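If you want the building blocks of each chain, they are given just below.
Protein chains: 2
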Amino acid sequence: MNGADPTPTPPTVRDLGVRARQAARTLRSLDTAQKQAALHRLAQELHAHADQILGANARDVQQAEAAGLPAAMLDRLRLSPAALAALALDVQAVAALPDPVGERTAARTLPSGVRVSQLRVPLGVLGVIYESRPNVTVDVAALALMTGNAVILRGGKETVHTNAALESCIHAALAACGLPAGAVQVIHDPDRERVRDLLRLDDLVDAIIPRGGAGLHRYCVENATVPVIVGGIGVVHVYLDESFTRDPADVQRAAELLVNAKVQKPSACNALDTLLVHRGALPALPAIAGALVREGVDLRADPASLEVLHAAGLPATPAADTDYGQEFLALTASLRTVDSLEEALDFIAAHGNHTDVILTRDDAQARRFVQDVDSAAVMVNASPRFNDGGQLGLGAEVAISTQKLHARGPMGLRELTTTKWVVEGDGHVRA
Amino acid sequence: MNGADPTPTPPTVRDLGVRARQAARTLRSLDTAQKQAALHRLAQELHAHADQILGANARDVQQAEAAGLPAAMLDRLRLSPAALAALALDVQAVAALPDPVGERTAARTLPSGVRVSQLRVPLGVLGVIYESRPNVTVDVAALALMTGNAVILRGGKETVHTNAALESCIHAALAACGLPAGAVQVIHDPDRERVRDLLRLDDLVDAIIPRGGAGLHRYCVENATVPVIVGGIGVVHVYLDESFTRDPADVQRAAELLVNAKVQKPSACNALDTLLVHRGALPALPAIAGALVREGVDLRADPASLEVLHAAGLPATPAADTDYGQEFLALTASLRTVDSLEEALDFIAAHGNHTDVILTRDDAQARRFVQDVDSAAVMVNASPRFNDGGQLGLGAEVAISTQKLHARGPMGLRELTTTKWVVEGDGHVRA
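As given, the protein sequences belong to chains A and B, one line each in that order. Per the UniProt record's numbering, residue 1 is the first one in the first sequence, and the count goes up by one each step. Per the UniProt record's numbering, residue 1 is the first one in the second sequence, and the count goes up by one each step.
Because the hints were derived from the structure by calculation, they are not lab data. Owing to the predicted nature of the structure, the values given are computational and were not obtained by experimental measurement. Keep in mind that a hint or two might mislead.
Said to hold, decoys possible - Cross-link-like lysine-lysine pairs, in silico, DSS-like; alpha carbons within 25 Å at most:
no.	chain 1	residue 1	chain 2	residue 2
1	A	Lys420	B	Lys265
2	A	Lys420	B	Lys420
3	A	Lys265	B	Lys420
To be verified - With the Cβ distance kept under 8 Å, some of the chain A side facing chain B (calculated, not the full set):
no.	residue
4	Val114
5	Glu222
6	Gln371
7	Val378
8	Asn387
9	Gln403
10	His406
11	Arg408
12	Trp421
13	Gly427
14	His428
15	Arg430
Heads up, the beta-carbon is just placed ideally off N, CA and C, and yes, glycines get one too.
Please put together the full structure from these sequences, using the hints given.
Quick look at the structure:
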């Protein structure tokens, strides 16, 4: 007899897909209380295994430091005891959200006597592809479980130890509640071909949700046969009308709003990229741009606004064409002078898709802006930072979609569900 | 001077996309009355140019006959005066449907005082790829116009003359109403590469809707970077429980329902493919299957049901594995005996996605079936033929989706729209 057992072959991505589909059949029949129990158990497991998780995370961080990863990436990778505790609280918060599954809509009795309705049900199997933040592993698992979806997760290769520790907690919680391990599965093989395998599993996976930079989203769109919900990338415009600069209090409001838009979280997709300034508002620009400059924002300006800024002694550099329609994700913003609302709308039509704001005291302008701008979120006199699941009252957010099909803007629990038609008769046939 | 003008270069598919996007900006601001006026004008143009359209269609039919196209295809291609009149009526019926654009949902005032809502808006630019039915050209143009979408149409190469004549009517109607020609454009170049061009126009086109056979849908899924709404293909099961065979009136109902399901329109995607028979229902099978046989249905049966049919003197052949999970689109159906509801559910989980029906007198079984079956439509004691936009009260149908994202089942006007978030404040910033 040979001494050692043969090493088991690791499951293929297709194997994970088959298990996920089986698990999805169990998950879609769970009631809300069963799903809540699993989430509460998951929160307990995270507390109980905090030492293992933080130890695994320390290994990931150590390896990432040794590999010379940039500080911003290390930041995203690092899990503190406080962050882990917050993650467990997030899981419990998801359990407290209203469960969209089981809702009936469009119910009616047809003239034939047949009763029809649409029943809200889970999507089925999700594939989520993300980068270095390990909190996504738990967040997405919780949102998927609460909506009765199975999920296949593919995190960054830098977080392999942390994700394995988190997956153990998730599987412990599932097992404790009698739920199949196929409900939440992690692809461990770091080979990028495994991402491609997942993207092409259209007979088993119902939707792919990428969470990461523009390159990841493009890779998914180019390679997927599974439907992809694209998001996370987007250019944010604020159009400052002359009417919002007549009252000094409005100028002050505009300055505060733009600082909020640009500085609160420059790495966020809903942060300001381009300020469009009506020519009549240029006199107020120094007061407004000055506030941005004091916060360290690098301004790239068109000739007319550049002249005004320089005349006021404010630093700014000439904008290149590539500074427009550009998502900066940093303390940089571009400025552009326009002669009219229509010119601003044309500019946004050519460069926008995510969040666009008008600052105006003219209601007709506001209505025209809301009507014409075709972005995930259109705002009047409010910071673009409100384009966020929590801010818009969704309670939790799995991603922000910039496409138009299925979900647009922040995706909460409802966006992880679909409907099926239910038709009930008494032997009815179609006439 | 040279005598002749140079032949103008035909527009590329990207050119059409750019024009469509420009047109979409105009269309999304139209009110309902403007859209209705364009549709009524289109109906008038179809009447006024009936001779040209029927003449163009006669040329297409003649060429198709000369090319030896099968009779079924000729049937789909042929436009009679009555069919053209019906088409014009359909356009007017679309104009009478409720306009989903402009609806506000999820309106609330956040604790900060910011007002948020979701505003229903057109998708933007649609790409619709279809085969030989020229009525689709007008139907889809009408549905797109009514929802404020621009559309790029790509019909079958057999219908090139008919489609050109229909496009002229559509453009005449658009021009008469001051609407841009880019609202409805037809790709005339028969090269299949143009389909690929359209499928990859993800910066300009918001959704692709294929209408045709499984091969067309697969081609779109494999090649598109634009999101595709897949549909049109699907397997339909009816599960006959023993409880629906106890009363002779129910046996009669089951026979009528199955004839309706299979014979009313065998080429439809909602026609019966596989009958699952509970073993306890086998004694009633001759009465039920006999009705199908009398209508000319070719039955392919598993051993247990085959024995019952042959004992009753009914013709049937042994089913092969490929007769299950198969969309026949013809007067053919497969039969399979199961020992329990759970076995039927396992079978449907492995083979279903479109429309699945249970015939039962047991309410608990009916609830379990509705809960477990994950198809676009799930039915109790009703013909699968009810899975249709008209039957379900949508008023019109652009396609039937079998995917889960965005739209599932029949797609009406609402499914050609999306939402955008509208946020209104008074200089509010995010805390």
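Status of each hint after checking the structure:
{"no.": "1", "hint": "A/Lys420 / B/Lys265", "in the structure": "holds (23 Å)"}
{"no.": "2", "hint": "A/Lys420 / B/Lys420", "in the structure": "holds (24 Å)"}
{"no.": "3", "hint": "A/Lys265 / B/Lys420", "in the structure": "holds (23 Å)"}
{"no.": "4", "hint": "Val114", "in the structure": "holds (6 Å)"}
{"no.": "5", "hint": "Glu222", "in the structure": "holds (6 Å)"}
{"no.": "6", "hint": "Gln371", "in the structure": "holds (6 Å)"}
{"no.": "7", "hint": "Val378", "in the structure": "holds (6 Å)"}
{"no.": "8", "hint": "Asn387", "in the structure": "holds (7 Å)"}
{"no.": "9", "hint": "Gln403", "in the structure": "holds (6 Å)"}
{"no.": "10", "hint": "His406", "in the structure": "holds (4 Å)"}
{"no.": "11", "hint": "Arg408", "in the structure": "holds (5 Å)"}
{"no.": "12", "hint": "Trp421", "in the structure": "holds (4 Å)"}
{"no.": "13", "hint": "Gly427", "in the structure": "holds (4 Å)"}
{"no.": "14", "hint": "His428", "in the structure": "holds (5 Å)"}
{"no.": "15", "hint": "Arg430", "in the structure": "holds (4 Å)"}
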